[in-house]
Each structure stands twice: as C-alpha cells, then as structure tokens.
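Line by line, the protein sequences are chains L and H.
For what it's worth, the working numbering labels the leading residue of the first sequence as 1, then goes sequentially.
For what it's worth, the working numbering labels the leading residue of the second sequence as 1, then goes sequentially.
Think of the hints as simulated: they come from the structure by calculation, not from any bench.
Here a beta-carbon is modelled for each residue, glycine too, at the ideal position from N, C-alpha and C.
Please note: incorrect hints may appear among the correct ones.
Pair ranges (Cβ atoms, derived) [unchecked claim]:
id	chain 1	residue 1	chain 2	residue 2	range
1	H	Ser92	L	Ser22	37 to 47 Å
2	H	Ala102	L	Asp118	49 to 59 Å
3	H	Phe77	L	Asp20	43 to 53 Å
4	H	Glu130	L	Arg238	47 to 57 Å
5	H	Thr6	L	Ile248	54 to 64 Å
6	H	Phe77	L	Ser266	44 to 54 Å
7	L	Gln270	H	Leu99	18 to 28 Å
8	L	Gly207	H	Ser92	27 to 37 Å
9	L	Gly207	H	Leu99	25 to 35 Å
10	L	Arg162	H	Arg60	19 to 29 Å
Covered by chain L, per the in silico footprint, the following chain H stretches (three or more residues, Cβ under 8 Å) [claimed, not checked]:
id	region
11	6-14
12	36-46
13	51-63
14	102-108
Below, computed lysine-lysine pairings styled on BS3-like, alpha-carbon distance capped at 30 Å [as the list claims (entries may be wrong)]:
id	chain 1	residue 1	chain 2	residue 2
15	L	Lys244	H	Lys107
16	L	Lys69	L	Lys166
17	L	Lys237	H	Lys107
18	H	Lys42	L	Lys106
19	H	Lys42	L	Lys166
20	L	Lys128	L	Lys106
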Amino acid sequence: MSISIAHLTKTYGKLAAVDDVSIEIPSGSVFGLLGPNGAGKTTTFKCMLGLARATSGEILFGGKPLTPKTFEYLTYVPERSVLYEWMSVREHIEMQRRVFARFNQKRADELLQMFALDPRKRIRSMSKGMRTALAVVLAFANEPDIFILDEPTSGLDPVNQRSVLKLIIDAAAGGSTVVFSSHQIGQVERAADHIAVLQHGKVVLGGAVDDLKAGSKIVEGIFESDAVALNGLSSDKRITRVEKTGRIVRLTVRAGSDTLAQQLSSMGAQSVRIVDLNLEDIFLDAVDAGASADVVEHA
Amino acid sequence: MPAVLTVDPRSGVPIYLQIIEQIKRSVALGVLAPGEQLPTVKQLALDLTINPNTVARAYRELERDEVIETAVGRGSFVRSNGTTQNARAAASDVAAEALAQAVREAKSVGLAPSQIRALFETAVSRWFPEEA
Chain L
1 MSISIAHLTK
11 TYGKLAAVDD
21 VSIEIPSGSV
31 FGLLGPNGAG
41 KTTTFKCMLG
51 LARATSGEIL
61 FGGKPLTPKT
71 FEYLTYVPER
81 SVLYEWMSVR
91 EHIEMQRRVF
101 ARFNQKRADE
111 LLQMFALDPR
121 KRIRSMSKGM
131 RTALAVVLAF
141 ANEPDIFILD
151 EPTSGLDPVN
161 QRSVLKLIID
171 AAAGGSTVVF
181 SSHQIGQVER
191 AADHIAVLQH
201 GKVVLGGAVD
211 DLKAGSKIVE
221 GIFESDAVAL
231 NGLSSDKRIT
241 RVEKTGRIVR
251 LTVRAGSDTL
261 AQQLSSMGAQ
271 SVRIVDLNLE
281 DIFLDAVDAG
291 ASADVVEHA
Chain H
1 MPAVLTVDPR
11 SGVPIYLQII
21 EQIKRSVALG
31 VLAPGEQLPT
41 VKQLALDLTI
51 NPNTVARAYR
61 ELERDEVIET
71 AVGRGSFVRS
81 NGTTQNARAA
91 ASDVAAEALA
101 QAVREAKSVG
111 LAPSQIRALF
121 ETAVSRWFPE
131 EA
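Model the full structure from these sequences, guided by the hints.
Rendered as structure tokens:
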C-alpha cells in the first residue's frame, strides 16, 4: 500500500517542527527517513498516525486518509517502546493477539526465539535492547501491510540489528510497505530503496538510493595556477558545493558528473577525476548544504 | 547458485549495478552455467541483507540484456539460448568498463593520449607474449 504525504506542516507555537514536507512512498518499498536529532522525523511519524494533528497538509494511505480501519493493517513502533512495566512478555503477546485480527501467534513464538526473549520475563527487568526487540516482535507478528518504525534497532546488538533488517527485507519482499528512521546510515543503505533526509523540518534530499548514488559524485580538478575563475559554477543547479583549495577545485554534484568533469577540463584543469559518494557522504553533504555557503574558498 | 555474489552496500556504486556486474562476469566466466537457476529475489535479498526491490531491478535489467530469463512461477535462470553470445557481450561490457576506468585514471594523472596508448600496448603485449 502506498503512502503519500503532501505539504505536511506541523507547528508548535512559532516553531515549525515539520515544514511543508512532501514524500511519496511507493507500495512495497522500504523508505528510510534520515536526519539529525530534532529534524522532525518523529513528528512526521506522529502526524502520519494521527497522534499529532497536522497544522496543514494531507496524508493518504493507499489513496485514503487515516481512519480507525487503517489500524487494521498498519503497525507503529515508536521511538520509545510503549510497554507496561508490570506486565510480562507473554502478557504483551496475549494483549496484542486480542487487539489485532491478523496477529500470528506462531510467528510471534518464532520471533521471540529469534531475539532470545523469555516469555516469562517482566518488562521492568528488561534492558533497552530487549524492550526494542519485544516492540519489534509485536509489530512483525501483526503481519501488517504498512510498518512505521521509529528507530527500530536502537539499543540492539549487531546480531539483533541484522535480524531486524532481515525482517524488514522479508516484509517488503512479501509486499508490505516499510517506513523506518535510523541514525545508522549503513542500515538504511542496505535495507531502503528510497530515502528522504529531513533537516529543520524540511526535506533537504530525497529519492531512490540507487539513483542518488549514481548521480552524486565529487568532481575534482587540479589547475596550473590558483587563479581559477569559478564563475558560472556556483549557479549550476547540479552542483551543491564548490570548494577551492589553492590549485584544486572540488565540486560536489548531484548529477551530470561527466559533463562537469569535461567543463573543468575545458576551463583548463590539467587533471580531473570523479569520485563516488556513498550514502553517508551524500547525507552529510545534504545536511551541510542546508547549513553553510555553497562556495567555500580555502586560503 | 554458488555463493559468488558479494556486494558492498557502503560503496558509492549502486547495489543493483554491483549485482548486474557480478552476475554478468559469472556467466561470462562460466561460473554460472546456462540454464542454472538463480536464487529468488527474496532469497538473494535476505542472503545479502539488501533491499528486495534493488535485487528485482538488477534481475529486470539482466533480463533486458538477455543474460537471464524468468519463467513465471519457476524462477530466474541463466539463459540457455544464445548464451555464448550474450556471455561474450556481457564479458565485453565488463572489460570495456574496466578499460574506460583505466583511461580515466591515466588521464587524471595528466598523461597524454599518446602516452596512454603506449601503456596500453605494453599491457597487451605483457598478457599476449606470443603476439609480440
């Protein structure tokens, strides 16, 4: 089921926590929401779920707005898992089974084993990682069409983090749509096919991961002297950043690396090379570009 | 399918391109035989811990390039019809990309075309001494 977020804004007083965010999430895709702390990820999730009332904008699930029925096929794992301290793991499973028509008990038992969770254990004696694991177990045993997962690997050890990623991949292969946030870009790089980077409540970068990687490059030219005229480069929409250090000019580009490499050549660069960027580089560039000047000249 | 596939998700090269390149190379070298079955999209995605739509995209492009074929309900297979030709074309693609990269490297360190050609000739005669 696809999810469409159009011009979502959520203000708290004068602060716009989410500022005109539009995101299209195709059905069956895994969508990674990235951004520094306080960028608006959790607020976006809360607006999607009706836990916070959007100031303006529209959110559609399979073309329809959120209704009580939506929760039959949607599961949300909040950043801080909502578990009852005095209840056991087994009691949480029992409660979930009564609430969700699709709840799969057999699957729940398998998942408890996968994360080595003891059904008899009470929440108050569980670590942060075990709580996250239980929240994940409850979500995936619901077998929903849509997963909204806010930091679903936080506090987990690397083995369990990998298990969560595999659950996400398995769900998407089965046709479910997964939206998740993570601070670990490596996880997003593996599991997600589409991403958006939020900063100060705005989308500063978005698209298919493979397309972003294919387009985003550093084009570096070394010139004969440091008297290089950079005019024209800073207004080029494909270039997010121009850095000049002495005879070296470095362009961070989102598209057109081959053409821009040729352009540097024709401007007189003796040597030009193109460097691939991984998602972490692309993420940092997007967050940086929002914060600093586009043209940087080092002495 | 033998465990010939490894991807580096942290690389700047899109993962689907890494899969395409490796499967083409495996077919060209005969590591993947004509008619051999490939893992399902879901299986390969889980094995490599990567997005299933990324694997599906790689498979679609390999079908388009006539390296593999997919029979509905049976899975994806290395093409047996005209495989020699497709494998050669695939191998040639891989080699062409590697050569293009080498030339770009050579150019980036400031070599002239004539110097690059000389280096190329040296490399060829090293690997084909009988032709020298």
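Verification of the hints:
1. Here the CB-CB span from serine 92 of chain H to serine 22 of chain L is close to 43 Å, well matched to the stated 37 to 47 Å.
2. For the pair alanine 102 of chain H and aspartate 118 of chain L, the supplied restraint of 49 to 59 Å holds, since their beta-carbon distance comes to about 58 Å.
3. In this structure the supplied range 43 to 53 Å holds for phenylalanine 77 of chain H paired with aspartate 20 of chain L, their Cβ-Cβ distance being about 48 Å.
4. With their beta carbons about 48 Å apart, glutamate 130 of chain H and arginine 238 of chain L fall inside the hinted range of 47 to 57 Å.
5. Between threonine 6 of chain H and isoleucine 248 of chain L the beta carbon distance is about 34 Å. The supplied range of 54 to 64 Å is therefore violated.
6. Restraint check, phenylalanine 77 of chain H to serine 266 of chain L: a C-beta distance of roughly 48 Å satisfies the suggested window 44 to 54 Å.
7. For glutamine 270 of chain L and leucine 99 of chain H, the hinted distance range of 18 to 28 Å is satisfied, since their beta carbons lie about 22 Å from each other.
8. Between glycine 207 of chain L and serine 92 of chain H the beta carbons are some 32 Å apart, a value that agrees with the proposed interval 27 to 37 Å.
9. Checking the proposed 25 to 35 Å range against glycine 207 of chain L and leucine 99 of chain H shows it holds: the Cβ atoms sit about 31 Å from each other.
10. Evaluation of the 19 to 29 Å hint for arginine 162 of chain L and arginine 60 of chain H yields a pass: the beta carbon distance comes to about 27 Å.
11. Only residues whose C-beta sits within less than 8 Å of a C-beta in chain L count toward coverage, and the region 6-14 of chain H has 6 of them, enough to reach three; the restraint holds.
12. For the region 36-46 of chain H, the stated coverage by chain L holds: 4 residues have a C-beta nearer than 8 Å to a C-beta of that chain, and at least 3 were required.
13. Under the rule that three or more residues need a Cβ within less than 8 Å of chain L, the assignment of the region 51-63 of chain H holds, with 5 such residues.
14. Residues of the region 102-108 of chain H with a Cβ under 8 Å from some Cβ of chain L number 4, which satisfies the need for three, so the listed coverage holds.
15. Distance check on the hinted pair: lysine 244 of chain L and lysine 107 of chain H sit about 21 Å apart at the alpha-carbon level, within 30 Å; holds.
16. A threshold of 30 Å between alpha carbons decides the hint, and for lysine 69 of chain L with lysine 166 of chain L the separation of about 28 Å falls inside it, so the pair holds.
17. Simply put, lysine 237 of chain L and lysine 107 of chain H have alpha-carbon atoms about 27 Å apart, close enough for the 30 Å limit, and the pair holds.
18. A distance of roughly 21 Å separates the Cα atoms of lysine 42 of chain H and lysine 106 of chain L; the hinted pair therefore holds under the 30 Å criterion.
19. A distance of roughly 10 Å separates the Cα atoms of lysine 42 of chain H and lysine 166 of chain L; the hinted pair therefore holds under the 30 Å criterion.
20. Under the criterion of a C-alpha separation no larger than 30 Å, the hint pairing lysine 128 of chain L with lysine 106 of chain L is consistent with the structure, at around 25 Å.
Hint violations for this structure: number 5 only, all remaining hints satisfied.
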